[in-house]
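J.: One letter stands for each residue in the lines below.
Number of protein chains: 2
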Amino acid sequence: MAKDKRVEQITDMEVDFAQWYTDICRKAELVEYASVKGFTILRPYGYAIWENMQRIMDAEFKKTGHENVAMPVLIPESLLKKEGELVNGFAPEVAWVTHGGSEELEERLAFRPTSETMFCDHWSRVLHSYRELPMLYNQWCSVIRWEKTTRPFLRSREFWWQEGHTIHETAEEAMAETEQQLNCYADFFEKVLAIPVVRGRKTDKEKFAGAEATYTVECLMKDHKALQGATSHYFGDKFSRAYDVTFTGRDNTLQYPFQTSWGSTTRMIGAVIMAHGDNNGLVLPPAVAPIQVVVLPVAQHKPGVLEAANALRDRLLAAGLRVKVDDSDNSMGWKCAQYEMKGVPLRVEIGPRDIENGQCVMVRRSDGEKTAVALADLESAAQEQLRLVYEGMYAKAKKNLDEHIFAASSIEEAKALQEEHGGFIKTMWCGELQCELDMKEKAGMSSRCMPLEQESLGEVCACCGRPAKHMIYWGVAY
Amino acid sequence: MAKDKRVEQITDMEVDFAQWYTDICRKAELVEYASVKGFTILRPYGYAIWENMQRIMDAEFKKTGHENVAMPVLIPESLLKKEGELVNGFAPEVAWVTHGGSEELEERLAFRPTSETMFCDHWSRVLHSYRELPMLYNQWCSVIRWEKTTRPFLRSREFWWQEGHTIHETAEEAMAETEQQLNCYADFFEKVLAIPVVRGRKTDKEKFAGAEATYTVECLMKDHKALQGATSHYFGDKFSRAYDVTFTGRDNTLQYPFQTSWGSTTRMIGAVIMAHGDNNGLVLPPAVAPIQVVVLPVAQHKPGVLEAANALRDRLLAAGLRVKVDDSDNSMGWKCAQYEMKGVPLRVEIGPRDIENGQCVMVRRSDGEKTAVALADLESAAQEQLRLVYEGMYAKAKKNLDEHIFAASSIEEAKALQEEHGGFIKTMWCGELQCELDMKEKAGMSSRCMPLEQESLGEVCACCGRPAKHMIYWGVAY
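These protein sequence lines map, in sequence, to chains U and B.
Sequential numbering of the first sequence, starting at 1, is according to the numbering used here.
Sequential numbering of the second sequence, starting at 1, is according to the numbering used here.
No lab work stands behind these hints: they were computed from the structure.
There are no misleading hints in this set.
Which copy? The list can't say, so a pair holds if one copy fits it or any two copies do.
Under the rule of at most 25 Å between Cα atoms (straight-line distance), these lysine to any residue pairs were calculated in the SDA-like manner:
no., residue 1, residue 2
1, 442, 201
2, 238, 93
3, 37, 124
4, 324, 364
5, 62, 290
6, 191, 387
7, 191, 383
8, 205, 150
9, 63, 51
10, 81, 108
11, 148, 16
12, 324, 55
13, 63, 310
14, 440, 150
15, 324, 67
16, 148, 23
17, 63, 45
18, 62, 26
19, 63, 183
20, 62, 51
21, 37, 68
22, 82, 102
23, 62, 324
24, 324, 130
25, 81, 32
26, 398, 446
27, 62, 320
28, 63, 324
29, 27, 133
Generate the whole structure from the sequences, applying the supplied hints.
T.: Put into structure tokens, the structure is as follows:
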């Protein structure tokens, strides 16, 4: 079917993956650049994806007892500086407020780059007894990090996220929370976004500033580059001590609670684009698609066609789906291309002959498969097709991941594999920073994580030959 | 029933209304002060009320075709300054970002005090044709206004709100949108928050900086002071012209769209406190209460009581209510006082004798009314009691409003009425600024609005004696 020019101008991913990505961001009307350098606008269609992500994640967080709060967006410099590692990690990227109205502030205020410090400050004032623990908080907000180079969703001076912050009576409980939230993210990526992940622990070099341990879900994009999906941090009682957060314990002594934080961002939209998109545009997982089904009337000027299309919409809406009829006077070719660009998971076509035959045609965005469906079976067939869309997307992404994990036993071999195939290169590692730096310098790869599911590839570190402590994944990352 | 000390420390509203208000904000655990001057923290219980408000309003906005977006939080000074009235109105209250990381910015950036400028800037780049109109946008975010004196919810340097921004092909459509959203707010106040409002238009002095017309819903608190609930603005094409937002019209000429904006904030929580609260604490409208029903087991150590309480909770949860059982070892007196403080609309008590009699007891927070209910009727009785809570709250607030509107025909009379009764003083008005200034200086009242439902109280302005143009409400406002 011939496509309209307005929809066609998208670079093939094989020609220029970065341009293909940017093209989708713009043509699918997800984002637009703002007049502030490095900042982006989330347009209605992009924001609707984020809203669906928020709704699903928020419900999961609440199931495990988390409560939402809102902390101030500005943090006094002195407060931010109480924990040395954190401030060293974030100081170069902080935006500073120095004036309120016409007055110059006595102390400059940081636009939050992350809110551990505010939560600790709050807890230092409201926490009294072990009976009040755990405190399981989360907030949805935007943060600013003054990045030098930016790309929509992936790296932006302002981005939208959730940041969970919790304190617990014991280290064990805090560690269990860290793991629970890591698994919550992994489930969200796999079951909702149809993106398989590798769960693992970050090296000391790559962990969150100030954390004792950072856990991550790492995923692989279609260009075989790695993307850090979301992270979950364990802090021990380091921040509690720095911010004087204490409680009276069961034994009546003053104690420091153990802390976690965990975050996921609008970068997940970037992950969806690069894990599933194709040369016709976005391919959205049904669970987060703003429109799950678009109904297109064929020969809509013919009697009964529009009514039939609207009836399909009403039935699908009643079945709880997000549905739209496009009865505009654009050509069928334009409409098909447009909803492909926007990644709508299922297209339903109905025309005069379909009506005669008591059927409609369903077309899956993910693989183009067409199925004629009896109108009587509309709702169950749509649900089934959406399930198949999800499964097909997950299977394809899983195949991409599985076929792009390679074992290496030296930096040279790792480099050659990365250059030839991309993906994750797994090696044994001694645990030393110098070997990470060597891998980065010689093979251009950063450590992605030490997978929770360890396997033995040998006895010695691929970088230095000394005894190995961990199996580790390397990659070129976004 | 004797109350525990922890719950009792709240000032009577008759003794010190301001202190009573602050006490509720703290003791009901709605907010906490932050270590940044003038900023507040929304704690879980306060934020949960806001989430319920957001969910209900957001659904209403979407029903009329509005879409959510996210605009950058920082606005370049030059962009903010393009529309003179707006910047003059907000400049004294703007927080300025001057440094990003270690670099000083070439142009300082304003933390958004409101986002008309960003929306216009965006539209100037994405709008092309009348076919794309109207654009009906909204965003949920926080804004900063550098206020000198602050009070939780009512006036805070950072507050959370929604700001709707729309552009339309014609002035008529934009005006219809302005009115539609005003009515949307009025319905929300009356049907959800149980707060009756006066719908009206602001004077030029009190309107939003840069607007052609500002409409407002004004309500009355228990101390008979007025509170501006939410506002809806009509801009004509003033901002479109200032920001060069254009589209190709039906006649193929370049045209400027007509614009509206409308906003409501976390101040609505303050309105709920002061419109409904009493000396036992918060009284929440059922629709926004985080916990709608609290189930308290009486003599919970006796066999079967806890199980019975949990069974009630499960049935009420299944009926779609927000329910909690408190089986802590706090005393019954403490629990009752605690949930009264938190404003939980309905308390359900069940003890051994109730179980024997196949009943439970329901107690309404709003008026203390107790009703014995057969367990078989639990769900319908709870729904009915919550309806009665809402109706009782609305009736009481309506009575307060109706009994505190007084007509005056001179500034002196207006002043005397305000001093004796508080409330809204209505007079005729010539429309001149000088008379508003006189009323403020001599009677300490600002104009609240010119009600949409006008009545004739006479022929001349109460302030200057010249011919009157409007009936107007005056009051002492938060």
